[in-house]
Each structure stands twice: as C-alpha cells, then as structure tokens.
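Participant: Residue numbers (the working numbering), protein chains in the order written: chain A, 1 to 338; chain B, 1001 to 1326.
Please note that a few of the clues may not be correct.
The list that follows gives simulated cross-link-like pairs (lysine-lysine, DSS-like), each with its CA atoms no further than 27 Å apart [to be verified]:
id, chain 1, residue 1, chain 2, residue 2
1, A, Lys-303, A, Lys-327
2, A, Lys-327, B, Lys-1094
3, B, Lys-1032, B, Lys-1131
4, A, Lys-303, A, Lys-333
5, B, Lys-1032, A, Lys-192
6, B, Lys-1161, B, Lys-1189
7, A, Lys-278, B, Lys-1094
No lab work stands behind these hints, which were simulated from the structure alone.
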Amino acid sequence: MRKLSIKDAINEALVESFQNDKNVILMGEDIAGGKGREEYPGTQDSWGGPFGVTQGLLTKFGPERVRDTTITEAGFFGAAVGAAMTGLRPIVELMYVDFLGVCFDQLMNQAAKMRYMFGGKQRVPMVVRTVVGAGFRAGSEHSQALYSLYVHIPGLKVVAPYDAYDAKGLLLSAIQDDDPVIFMEHKRLYMKECDVPENMDPIPLGKGRIRRPGKDITIIAIQRMNLFAEEAAENMAQEGIDCEIIDPRTYSPLDEELIFESVRKTGKVIVVDESNPKCSLASEITSLIAEKCFDDLKAAVIKITAPHTPVPFSPPMEDFYIPSTEKITQAIKKLYHG
Amino acid sequence: MDIDSEKLHWIYKKLFTIRSFEERIKKIALEKSVPGYLHTCIGSEAICVGVMSALEADDWISSTYRNHGHSIAKNCELKEITSEIYGRSTGICKGRGGSMHISDFDKGMLGSFGIVAAGPPVVLGAALQEKINGGTKMSATFFGDGAIHNGAFHEAAGLAKLWDVPMLFVCENNGYAEATATDWHLNTKELKDIAKAYDMISYQGDGNNVFEVRQITRDAIIESKAKNTPIFLEFKNYRFSGQYEGDTQLYQPLEEIEEAKKNDPIKKSIEMAAQYNLSLDEVKNIQSEALKEVNDAFDFAETQPWPNPEDALEEVYVNYPRELLL
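Whole structure, please, built from the sequences with the hints as guidance.
Facilitator: Set out below in structure tokens:
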C-alpha cells in the first residue's frame, strides 16, 4: 500500500471533499499565497499555508472557493458561521491555534451555541483546521496545544489525528459533519508517514483507537504523545511489561467506553498530554476514570503533562516542558513494580 | 535639518548595525544553527532608526515578531539580543522568548508580540497611563500593513481618539502582509486613509529615507502632544526578506525586488551622507564599527551557556506557589 504523510493526507481529504460537495469552501490567511500578484507567473498558490498543506487547491478549485483572507480571524470565522448556517460547508484555517484568542468569540459564543439557543433550527457545518503543538522552538505564542479550551465548550466537536490514516478519515468525517468541528493538526507530525489506501471511508467521530494492545498498563496518549508512549511501551516490552496504548483521536465526543474497557482490564493508568495540566484533557480523563472505574483501579492514575507555564523558546527548557519517553518509562516502571 | 554630529553618528551606526545583523542572521538561518523561526527586517532599517531617533530613549514602544530592527534602534544590548536568538541563558528574555519576542522593558519596550495587531491596544494603555499620571513619555506602536484590518488595531485607534491620548500608530507598509500583496488587501486607496474613519490625523512618508522618517516623526510627536491626540504614520518601504527565513518568496516577483533595490534604505542613506557633511570615509568607518559590534555579539552568543531545563518554571507569575506549577 502507498505511504502518505499527514500533510498529504489532509490535502487529499480536502481535494476529495471539494470534488464531492460543491458547497465546500476554504478560507484562511495565505492558504494559497501570492494574492495581488496574479499577473506574475509562478506567484500564485506559492504557499499553501505556512506548512504547505493546502497547496494546489487554488489551482484545482479556483479563487471563489479557495479564498485567501486578510489577517482577520474574527471576520472570516464569523463569515464561516453565517455561510455554514445558510448552506455552505466552510473550512477555515486558524494558522496557529495560539491565534484562537483573536476569534474565539465567533466560535465559543456564535458557532457553538446558535443551534441550541435559537431553538434547534440552525446547523453550523463548519470545520476549523488549526496547527498545534510544541517542539518547534516557536516560542510561547506559536506552540500551544489548547485542546481543552475547545473541549470545554458545548456545541464544538474536537478531533486531533496522530497519523495520516486517521487524518484523512477523520477530516472527511469532520467536513461531512453537521456540527462545528475543530480539527487539530500537530506541526511536528505533518511529515509522519503511514499506509493510507487510495479510497477510504470516513472514520466516524467519537471512536478511539487501540494503537497497541496490552494487558498490564493502560496508556492514554493525546496526539503526538502517542509517539513517546509507543517508544516507552516498546522499551518496557523488553522487560516483559505489556502496555496498552489508547489514542482517543476525538476528544469531544470522547470514546469513554474504550478507555474504561482498558482500565477494567489493566487497573493501572497513565495519561499523557502535552498541554498545560490545569483543567486539561489529562485531568478530564483522569476524573472520568476515578468516577467510573474506581473499583477497578489498582493504583492512582499517573498524569504526565507539560508544567503550568507558557511554552519556553530555548531548547533545553522546551524539552523539559514537553512530556518525554523517559518520563513515561519511569511511570510504567512505578506502576508495574508498585 | 537640525541634527548634531553625535545623533548623526548614532543614526548611521544603527542603520548599519541592523543591516549587518540581519544579513548575518540570514546566513545562520541557512546553516540552521539557531532554533526556531526568524523574521528579518531587511528594508525596514530607515523606519526603525528614523522613528527611534525622534523618540526619547525611554519612550514607550511595542514591536512585533519582526523586531530585530526596533530592538537594536531602541538601544537593546546587541549581545543580549543575539544570545536570546541562540536560546542562551544570557539572552535578553533569558531564553524564554526567542527571536519573535526580543524586548527589553528597561529600554521602554512594552513587548514584541507574535500575534498580529496585539501591540496597538497595549501601547494605548501605556499612553493612557502617561496622560493620567501627567507623564511626558511618548508612546509608539509599530505594526505592518497586514495589521490594519485587524479588530485590535481598530479598537485601539477608536479609543485613542475618543480619549484624546497622544500616541503614534506607526505602520510599516512594506508591500506584503505575509504572502499577500498590500495593493490587493487595501480597501482604501492610500493606507493612511484608514485613520480618517477615526478622524485621526495621519501622515505618509518615504520609509526608505531615514531623515524624512525622522522629520515626520518629530513633527508628529510635537503635534500629538500639543493637541492631545493620536497620530497615524504610514511609512512605505519594501520587505526584501520573506515573511520568515526559509520562505521561498515565490510570490515576490523578481522584477519587483530589483526595482525596490534602487530605493534600498541603506544605499539611500549612504547617498545622502554628504548632505549632512558626512564624508564617505566617515561613513565607512561607522560601517566597520557596526560590523565589529555585530561580529562581537555573535561571538559572544555562540559561547553562552544554555539555560537549565528547570528555568522553564521561573517568572510565570509574580507570586505563586512553585510546587503548583508541576
């Protein structure tokens, strides 16, 4: 089977969605690039966003459906809400999730609440694609992973793929979904490749995935943390410790049952999340386990997260900030040996 | 124009320092020997230096992720700037900020922000403080043409005018908002006309001419303080650098870049030196002084220690239990 990077898998899902539904449009800052220099050959579509994910879409589908915007997140996010309610399926790109502050109102108060507070007549089928994650030496305002800010809001769905297969399948679903979906792409994973079939069905939202079956310890890993969880599990397998890794993939709705099943089996749990610890996905998942699986637990859940600090720039500090394979390995040993 | 020889020397030194610094950083970016994103300001030197030469050393400013020129012109220590870009512990932000956030509060910098248009409201606040406390410091916020559509800019502009706050909105119109050409994204014929919506005084100048930038800014400061009103300044120049280092710049036509080189602010400044009784030899001496300072700064930065990993936990708050950070 052919291998595809996450970057290319997302591009492919976008192309297929554009082909399958004429109501799909894309808006964002320099998602094509070269606007205003149309008369010069080679200037158009020269960016495809800062990571080149949307490159080629302008050429394939034209400027009416692939719209470069000014630096006005509140404006084009709001426009996406209105366009979604009245018949389009807009996909908007928030260049870095850190820029959420600029447009949060349109998501939090408008997109998320309209259907509910206006009596259930509206649907807001929009997708927000955004880039998250530390490890790029990009400093405090371009490195956050604000999963829980979105998960906290009723009305928003939240998806974060770890590999190219999930990226394609989940994005296809997100675009077809009738609710606003936040689709979070990790900047350190874009070039990560895996097998992706030419034709694949959408992957339903709300279904987690067991990335590694095991019987001794459950590791619930958030997006890029699957990488470190896999490394730690691999290392510990050599010592005869059998870890199960759960990748929830969708954080709202969360596949709680998949997590609980694993916890009932192992009784020992590690949750790994690269975002800040307070009111985080890690604390949410831990509290759910405490509520629903208390009698199955053989030890207290171990949370491994970033500290309660902004993301620092300098490499030694940023490496300290991000959960590591080593920290997960230590936690596995602690839980296993008691 | 009244300008003493010390100031003149300062102006040329800063122009050359910024250009040499950015050229060195571009080279280092290619070698990938510094971490993270770099946004250089080649082409903005005259605006950085012209405005700063008109401000007092302790006046307030804000900058953006394209801040090296502003920081150098604001007299931040070059060694500390370089060390910060290298991520070392002696950096101007102790290695926590990086290239996008070079800023020294002690030099009157309120911050260098990574979010477009984050600066204008913050500088409005500093200007308001001066007004309330009867202070005399001027406040100036730097932003690019890409920021003028953003709500934060408009809200700050409206409030500044309503509150009669003296401050400068300094727009560097460098032809590109990221990878989008300014002449496409502007809704007004001239960028400075955006200020009309707020009945704000505005002026436009050649951002490649350091002396014109200086004169317009000096006049604007006097007028802004005398009339208790914000003033919008638009300086036109050209962004020779890409949006960031590594940007292919395919959206910038080669003909356009060649044309812009004719008005390169450094070239122009050298050509104008004679008007200010500065000989070519003197100019060259200043140029070597600047280059030496830049070389020293890089030599310094390369040998500086890395921060300790746990330093990540410092100064999140003024006061907070440290054990609750982990």
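Participant: For each hint given before, does the structure comply? Return the numbers of the non-compliant ones in rising order.
Facilitator: Hint check: 3 fails alone, others pass.
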